[in-house]
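A.B. asks: Residue numbers (the working numbering), protein chains in the order written: chain Z, 1 to 485; chain D, 1 to 128; chain X, 1 to 451.
Don't read these hints as lab results, they were simulated from the structure.
Treat the hints with care, as some may be off.
Keeping only pairs whose Cα atoms sit at most 30 Å apart, straight-line, the calculated DSS-like set for lysine-lysine is [said to hold, decoys possible]:
#: 1; chain 1: X; residue 1: Lys406; chain 2: D; residue 2: Lys62
#: 2; chain 1: Z; residue 1: Lys453; chain 2: X; residue 2: Lys308
#: 3; chain 1: D; residue 1: Lys62; chain 2: Z; residue 2: Lys84
Here are the in silico distance ranges between beta carbons for each label pair [said to hold, decoys possible]:
#: 4; chain 1: X; residue 1: Thr38; chain 2: Z; residue 2: Val88; range: 26 to 34 Å
#: 5; chain 1: X; residue 1: Asp226; chain 2: D; residue 2: Asp77; range: 35 to 43 Å
#: 6; chain 1: Z; residue 1: Glu157; chain 2: X; residue 2: Asp196; range: 41 to 49 Å
#: 7; chain 1: X; residue 1: Asp382; chain 2: Z; residue 2: Pro313; range: 53 to 61 Å
#: 8; chain 1: X; residue 1: Asp438; chain 2: Z; residue 2: Pro128; range: 42 to 50 Å
Now the stretches of chain Z that chain X is said to cover, found in silico as 3 or more residues with beta-carbon under 8 Å [to be verified]:
#: 9; stretch: 109–120
#: 10; stretch: 294–308
#: 11; stretch: 331–345
#: 12; stretch: 382–389
#: 13; stretch: 472–478
Everything numeric in this text was worked out from a predicted model, so none of it was measured.
Beta carbons are placed, not taken as given, at the ideal position from N, Cα and C, and that holds for glycine.
These are the residues of each chain, in order.
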Amino acid sequence: MTDEPLIYDLSSPGRRGVRAPLPQFEPVDPTEALPTSELRTDLPLPEASEIDVMRHFLRLSHKNHSVDTAMYPLGSCTMKYNPKVNEVTARTPGLADIHPCQPPATAQGALELIYELEALLASITGFPAVSTQPAAGSQGELCGLLSILAWHQSRGEARTQVLVPDSAHGTNPATGTMSGLEVISLPTADDGGIDLQNLKERLGPGAAAIMLTLPSTLGLFERRILEVVELVHAAGAQVYCDGANMNAMLGRVRPADLGIDVMHLNLHKTFSTPHGGGGPGAGALAVQAHLEPFLPGPRVVRNGEVFELADPPPTSIGRVHSHLGNFGNLVRAYTYIRSLGAEGLREAADDAVLNANYLRASLSDDYDLPYDRICMHEVVLAGTRQRRLGVRTLDIAKRLIDYGIHPPTIYFPIIVDEALMIEPTETESRESLDNFIDVMRRIAREAESDPDKLHDAPVNAPVRRLDEVTANRRPNVRRVPEGGD
Amino acid sequence: MYPDDLGYTREHEWVRDEGDHLLVGITAYAQEELGDVVYVELPTPGESFAAGDEFGTVESVKAVSPLYVPMSGEILDVNEELEAQPELINEDPYAAGWMIRLAASDPSERDTLLDAQAYEQLVNELRA
Amino acid sequence: MSYAPNTDADRAAMLRTVGVESIDDLFVDIPVQHRDPTLDLPPALPETDVIRHLAELGARNATSSDLPSFLGAGFYRHFVPALVDQQLLRSEWYTAYTPYQPEMAQGTLQAMYEFQSLVCDLTGMDVSNASLYDGASALAEAVLLCRGLTRRPRVVIADTVHPAYRDVAATYVSALDVDLHVVSAACRDATSVRPDLQPLVNAIDDQTSCVVIQRPDFLGMVVDPDPVIQAAREHGARVVVVVGDPVSLGLLVPLGDLGADIVVGELRSLAGPPAYGGPGAGMFAVRSELIRRVPGRIAGRTMDLDGKNAFVLTLQTREQHIRRERATSNITTNQALVTLGATISLCALGRRGLREIAEQSLTAAHRAAEALAGAGAVIASDAPYVNEFAVHAPGGAAARLERLRKEGNVLAGIDLGCVSPTFDDLILVAATELTTADDVEALASAWAQTQ
């Protein structure tokens, strides 16, 4: 594939793209409205024709792999099919062309949708209260920890620590710091679960919460979850669940039933809203009743047949979004849940878990399996056997690209050497999985017979491996206009 | 690999006694483990640290490692070359890749450092 | 129905490979008493029916075609060229994820790099990230950056910064040792309002990490920020500027030239309709010396092994997946698809197009003000403005707005009581290049009708 020039290189002085609307009024000269010192003299934007702009971005799009292209088994990201009907409903004019400041009386359908979506998520997770305001999982985490802290404070307690297993996603400890908490790392036990003895030792009077991921990032359901919850509660702390992996639990268990206090959901993972090349996502925060007064606001409330926006109560942690969250994605998630119903959601979890176990059983002869037990929606393999042949997990990942498959998440969780974290999702067929298995086995053979093939990979992608060292030593993060600046 | 005239920490810093001050950097082993160094964050001259305090970080593309002060003292100077050329740490860890110049407040701490032989043994254990 | 393609025969064969009898056997780690709850959900709907259901919900909202709208306050109805949504519906864009494997994501990465370049061109700043969640969280992150940089506790923030942005910043710092000091930056007389930066200047001290102003400010006013910037420089504080309407950047002098250290703002208006406030896209641009403290993703340009131009996520050691509890922020996703829309829009509009829609917005707002004045209104803004201004509403903004909607069938603006209780007789009116002469006539006649 050839280099695609920057859009600036397709620019030619005087060339027009799209036309502005016809003037509706006699023009006001900006110099009459504003002092000339406030007006810019130069606007260094490209000048390209509409067709050149269209072709430029179309050609760029061809350089991307996507869920709609082929399998995308990126662990912890739940790259499932994004139903096309979601894109239709999200573009319904009455749900897209509405302004966040219009009075609730003129946005009853939008408010009802939010209210109903929160109710659906409450049913699915078992929690009595849900806020869909967080714009993404990480914002859900921040709201969750701040709510927990507010709850402690309301009881006259100042707690300063959060316990995070060493297998956790990096966002968890980062959120702990943003919440002003000291992050205490918990080691993982030999079976991949939480080490109860260690937990007891670290659960002091300063512990505000434990943040755990369920199923864990190792793809394992915490068998001792009830004991963990009991220990944490006995110490006066709260249990926060990172719900990134809810896809494994739909219809199989409601996290609230396990005694968990707070959980965030990633609507762009479990509930099929598209990942968009890195966002927008959408979070949601689900809590037990005792934490509801602390949820971010404003919240949608129902008053008879009318939906209203209630200002956050004084107990609330406040706002985390300029309006009501990523509404467009709430429309998509609502569409998805209404399309699947209870049976469909459970089927999604069942097939997601079955698919992951099928990969586990089929690949354990060719790759090391650090935790050899039934997994949930994802399986963590290790390229340790291949490392002894001089092949790294990175090489395996890059070779998958040559076979047209997106690599799994690699080197995460960080407690697994040479980790390959594979999440097939329920929307891959058995044939697709068989193809993946076949390719992974072929790569294992190549690692034995022709390791350079892996070191050189990819050779069938738009570009080969990149010079990331120079990119980091001397960052070039924007096009520098001619003549420098 | 590990010059005899240097003292070493278990965290892979080296110390060279230059009479009225110390020079500090990271060892050949440390830079090898890190891979290509892309950035180093150093303290401001005038700051004081106790032995074992973190004085900065060194980064590769995918990792960040803390740097620890081997002996208590005040920062006199930092290696400004590293800002534009962090690769000096890989290319010449014991000379051009030095990081901080330190005025030691307690010279007796010198005795807590490993000598070249002990440090090499530590590295061999880590590599095993 | 779950979009899962496996048949029962597939499942049976796969279960044999796994070595278990039934799918239930895969869930045995879940405590038995909590296994397999019944979910109380409405029945599944086929595609046709779910579309109909959502259309019904949509029909209960008023769009800008139903009611002429002069609502702005961060979300403006701007012209978004048709090719933008055609591109956003391409699977290669919207069903891809974060470009962790650059060899398979050059499209997303180059688009991010072009976005960053466009933001730098528009703002006059050196470095832009690939976006944050929205304008509000971008401001919160800017405040956190300045706190980490200066280790000073005090933040001085003008009350003419978007009130929701102020609220979000307050939430983000609520558990940290930060004193968020909101200072009046506009003064009133009976029927008018004008900028007054002196209280801000006075509030900046040696414990101030940053001062936050908005431009044009939340009331639409444009004022020379130099006194604030000078005061900040004197005290070693950083200057954070919130951009009101990104289209105004096509007209106004670049913020980097004015001396901003960090520029944040909301870019949704460039990418699509307001969508009830989200997803937006938070702009975040800084001076080059702050590059390693920037939160969120940044694309960089480099080369591949063969020397071919290529793009990659860079400076990732700032981020949570590497630095964990010491990261610059916990942010993970960004708003890539929204920024892609904004990028394509800016490219298609180009140098002249953006300038034209900015000028048309300015024209529409000034003509709307004239028409309102002709209908007996007092224009309260006593300062230059681009496309948003305040109108005096004797007897209170809230009541007047309700009458304007109910009796005049127009969404005339926003109650400025949200900025300060002393502004609750002011209405914020916004216009853009999509505001028609008919809309303005409707507004003026509604005003006259509700005197």
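A.B. asks: Is it true that the CA of Lys406 of chain X sits at most 30 Å from the CA of Lys62 of chain D?
C.D. replies: At roughly 59 Å apart (the allowed maximum being 30 Å), Lys62 of chain D and Lys406 of chain X break the hint.
A.B. asks: Does the Cβ pair Asp226 of chain X, Asp77 of chain D satisfy 35 to 43 Å?
C.D. replies: Given a distance of about 37 Å, which is inside 35 to 43 Å, the answer is holds.
A.B. asks: How does the Cβ-Cβ distance of Thr38 of chain X and Val88 of chain Z compare with 26 to 34 Å: does it lie in that range?
C.D. replies: 30 Å, holds
A.B. asks: Look at the Cβ atoms of Glu157 of chain Z and Asp196 of chain X and judge whether their distance stays inside 41 to 49 Å.
C.D. replies: 43 Å, holds
A.B. asks: Hey, Lys453 of chain Z versus Lys308 of chain X, does the alpha-carbon distance stay inside 30 Å?
C.D. replies: Holds, at about 20 Å.
A.B. asks: Can the restraint linking Lys62 of chain D and Lys84 of chain Z be considered satisfied, given a maximum Cα separation of 30 Å?
C.D. replies: 36 Å, violated
A.B. asks: Do three or more residues of the stretch 109–120 of chain Z come closer than 8 Å to chain X, measuring C-beta to C-beta?
C.D. replies: holds (count 5)
A.B. asks: Is the coverage entry for the stretch 382–389 of chain Z by chain X consistent with the three-residue Cβ rule at 8 Å?
C.D. replies: violated (count 0)
A.B. asks: Starting from the hint 53 to 61 Å, judge whether the C-beta atoms of Asp382 of chain X and Pro313 of chain Z obey it.
C.D. replies: 37 Å, violated
A.B. asks: Lying within 42 to 50 Å: is that true of the beta-carbon distance Asp438 of chain X to Pro128 of chain Z?
C.D. replies: This hint holds: roughly 48 Å between Cβ atoms.
A.B. asks: Please check whether the stretch 472–478 of chain Z has three or more residues whose CB lies within less than 8 Å of a CB on chain X.
C.D. replies: holds (count 5)
A.B. asks: Take the stretch 331–345 of chain Z, compare each residue's beta carbon with every beta carbon of chain X, and decide whether three or more fall closer than 8 Å.
C.D. replies: holds (count 12)
Taken one by one, the earlier hints fail for this structure at numbers 1, 3, 7, 10, 12, listed in ascending order.
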